[in-house]
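Peer 1: Spelled out, the chains give:
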Amino acid sequence: MSADLAKEARTDLAARAAVRHLLARVGRYVFLCLVLAFFALPLLWLATAPFDDTPTIGTSLPRFTLDNFRTLLDNPYALTSLVNSVWLAGGTAVLVVVFAALAAYALSRVRVPGRDALLYGLLLLSSIVTGTATMVPLFELAFRLNLIDSRLGVILVLTGGLLPAAIFILKDFMDATPTSYEESARVFGASALQIMRHIVVPVVRPGLATVGVWAVANVWGNFLVPFLLLRGPDKAPAAVIMYTLYTEGGQADLRLLSTFSLLYSLPVALMFVFVSSRYGFRFHGGIKR
Amino acid sequence: MSAITLRELTKVYPNGVRALDALDLEIADGEFFALLGPSGCGKTTLLRTIAGLELASAGSVRIGDRAVTNLPPGQRDVAMVFQDYALFPHMTVRDNIAYPLRIKKVGRAARHDKAAGTAEELGLSALLDRRPGQLSGGQQQRVALARAMACHPQVFLLDEPLSNLDARLRLEARTFLKRLQRELGVTTVFVTHDQAEALALADRIAVMEGGRIRQVGTPTEVFRRPANTFVAGFIGSTPMNLVPARVHGDELAVAGVRLPVPEDVRGRLTDGEQVVYGVRPEYLDHSPEPVPDALTGQVVVVENLGSFSLVSLDVPAGDDGATSVQVVVPEGREPAPGDTGWVVPRPGRTLVYRDGELVTGAAAPPVPAPRTGVAADA
Numbered sequence: 001m002s003a004d005l006a007k008e009a010r011t012d013l014a015a016r017a018a019v020r021h022l023l024a025r026v027g028r029y030v031f032l033c034l035v036l037a038f039f040a041l042p043l044l045w046l047a048t049a050p051f052d053d054t055p056t057i058g059t060s061l062p063r064f065t066l067d068n069f070r071t072l073l074d075n076p077y078a079l080t081s082l083v084n085s086v087w088l089a090g091g092t093a094v095l096v097v098v099f100a101a102l103a104a105y106a107l108s109r110v111r112v113p114g115r116d117a118l119l120y121g122l123l124l125l126s127s128i129v130t131g132t133a134t135m136v137p138l139f140e141l142a143f144r145l146n147l148i149d150s151r152l153g154v155i156l157v158l159t160g161g162l163l164p165a166a167i168f169i170l171k172d173f174m175d176a177t178p179t180s181y182e183e184s185a186r187v188f189g190a191s192a193l194q195i196m197r198h199i200v201v202p203v204v205r206p207g208l209a210t211v212g213v214w215a216v217a218n219v220w221g222n223f224l225v226p227f228l229l230l231r232g233p234d235k236a237p238a239a240v241i242m243y244t245l246y247t248e249g250g251q252a253d254l255r256l257l258s259t260f261s262l263l264y265s266l267p268v269a270l271m272f273v274f275v276s277s278r279y280g281f282r283f284h285g286g287i288k289r
Numbered sequence: 290m291s292a293i294t295l296r297e298l299t300k301v302y303p304n305g306v307r308a309l310d311a312l313d314l315e316i317a318d319g320e321f322f323a324l325l326g327p328s329g330c331g332k333t334t335l336l337r338t339i340a341g342l343e344l345a346s347a348g349s350v351r352i353g354d355r356a357v358t359n360l361p362p363g364q365r366d367v368a369m370v371f372q373d374y375a376l377f378p379h380m381t382v383r384d385n386i387a388y389p390l391r392i393k394k395v396g397r398a399a400r401h402d403k404a405a406g407t408a409e410e411l412g413l414s415a416l417l418d419r420r421p422g423q424l425s426g427g428q429q430q431r432v433a434l435a436r437a438m439a440c441h442p443q444v445f446l447l448d449e450p451l452s453n454l455d456a457r458l459r460l461e462a463r464t465f466l467k468r469l470q471r472e473l474g475v476t477t478v479f480v481t482h483d484q485a486e487a488l489a490l491a492d493r494i495a496v497m498e499g500g501r502i503r504q505v506g507t508p509t510e511v512f513r514r515p516a517n518t519f520v521a522g523f524i525g526s527t528p529m530n531l532v533p534a535r536v537h538g539d540e541l542a543v544a545g546v547r548l549p550v551p552e553d554v555r556g557r558l559t560d561g562e563q564v565v566y567g568v569r570p571e572y573l574d575h576s577p578e579p580v581p582d583a584l585t586g587q588v589v590v591v592e593n594l595g596s597f598s599l600v601s602l603d604v605p606a607g608d609d610g611a612t613s614v615q616v617v618v619p620e621g622r623e624p625a626p627g628d629t630g631w632v633v634p635r636p637g638r639t640l641v642y643r644d645g646e647l648v649t650g651a652a653a654p655p656v657p658a659p660r661t662g663v664a665a666d667a
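First to last, the sequence lines map onto chains A and B. Under our numbering, think of the first position of the first sequence as 1, with each following residue one higher. Under our numbering, think of the first position of the second sequence as 290, with each following residue one higher.
Note that these hints are calculated values from the structure, not bench results. Only a predicted model underlies this, so the values are computations on that prediction, with no experimental measurement involved. Since no wrong hints were added, every one of them can be taken at face value.
So the derived list for chain A, only partly shown, Cβ under 8 Å to chain B, looks like this:
#1 P178
#2 S184
#3 P202
Quick list of simulated restraints, FRET-style, between CB atoms:
#4 A:A176 <-> B:E562: 55 to 63 Å
#5 A:V86 <-> B:E472: 53 to 61 Å
#6 B:G422 <-> A:L34: 41 to 49 Å
We treat Cβ as the ideally placed atom computed from N, Cα and C, and that holds for glycine.
Chain A with its partners taken away, still in its complex shape (with noise of 0.2 Å):
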């Protein structure tokens, strides 16, 4: 008698436990599912917005159009933008991976006193020279040297904020190639310069199409530097020109500004997968490894 009841207790008391696991994990998605929605709804939203003919501010199932992207092509910036894009990140991106290699690589080779000292305190002062605090300073610098309104000074500028941290992140994998490669080429008879280019830079290829990537989506998403620095329409990138996207009214005019966005944001995404499938690089980042 006793003994069933404590054996119903039992299968009582695990109904429970079942019960209580079963909302824990329901409990669980819907909180998982909450978050998703929260990064995903804005996704959605450039995936949807572009091909509606009246876009919201909310997501919703689109009355198809392609009217928005015919009504872009006639702002005359909006391409060309892109295309200043373009140029301002590739060659900042070019800039920052040939110089920091050959920083890096001197600092991770060479004994220099005080390296590390040196190394930290760049990186420490790189995000404040793109940033908002030397604004005025570096518009006096530019202006002194004639790179207003030109696409070079904007490239400078911008290859000096990332510097350090590439050079940061190269000195690593530099550090990683043992010097023995470079030592057994030097008896072979190679050049400094051949040892670079046979040796160091394929062994260190990942690290500078990481240094890359991270330099062209640096710049595609800089708005302030451009800004600052150059006057007109017609050389400014795209994230300038996604500013000036307003209704005569002064509202945002979300058709262009969601067709736009779109646009302007397919580039990096795809360098991404293109670096991605043929260097197959991590952000490895400054760490040891």
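Based on the hints, put chain B in the right spot on chain A.
Peer 2: Frame of chain A; chain B shown alone:
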């Protein structure tokens, strides 16, 4: 001609460390030469200075009839195999072997032919399209050797050639390396901290300590007649027994017994002088019965080393307690710990050191001449 001549070679690092100290050395054409010493003795620095990866602070390096002291490594006509082999990970075996020729601007087809030929000599033909990461340690070493051979240098420099291989492979590679060097007949200098490796491979050995060479000689000379107590303690799988002794006329008072002074130094010792009596464990015979002219003591430890055992005896050492003497005993004749044992030095195999340096007789072997024409007797 590709002998190597070093004169007064000195290397002082910027931090003040004197890695090489006015070092003189001649390495003969075609010789397989070992630089042996404990870590930090300057052997790797010496190798790198010959290669040109380090520039000498003073002194000169000649390879063949060329003075190369200040030449960059690429113009010295040497090839170096690094301890980690330094194979380029992004290149195939073929491209790795062909790399020196690529630097010499040999056309792609020609250098790939050459690489294939060299690879065949070393049994690497099946691996030509692999990358270094896909090879075993032994294969990587052979690729590194092939790469060094492909440019037909006057001198091979090998930095710890066997240390990255596991124990079993090491023996195989050792035999392979020795045969290869004989066949090629190219002057080869290698660095090792393993005395067994040096004895097994080299035609001659330089034993180094603190940036100086303590002895140069054939493996036999270095093993049988170490020039000083440092070499005596370093060479041999078991270090030489070094027991304090005092001269009494024609006898030496060693560990509480009187032993005759070795023939070749008779008359070169002063009565009452304090010396060190040296004899290798391999050159001592153990006896469980009392025998004349023997050291005697209690067996403390018996270490089984396969076909023989290493037996340690505590023998009385003059005024200050006991010292340990080790003796090699063939299998089946090991004493038990606690037994009393007698050890007799074999005639002609005992050495006397004064102030750490070997006392040699007038009839002692002359300073070893560099061995030449090694390739010829291969």
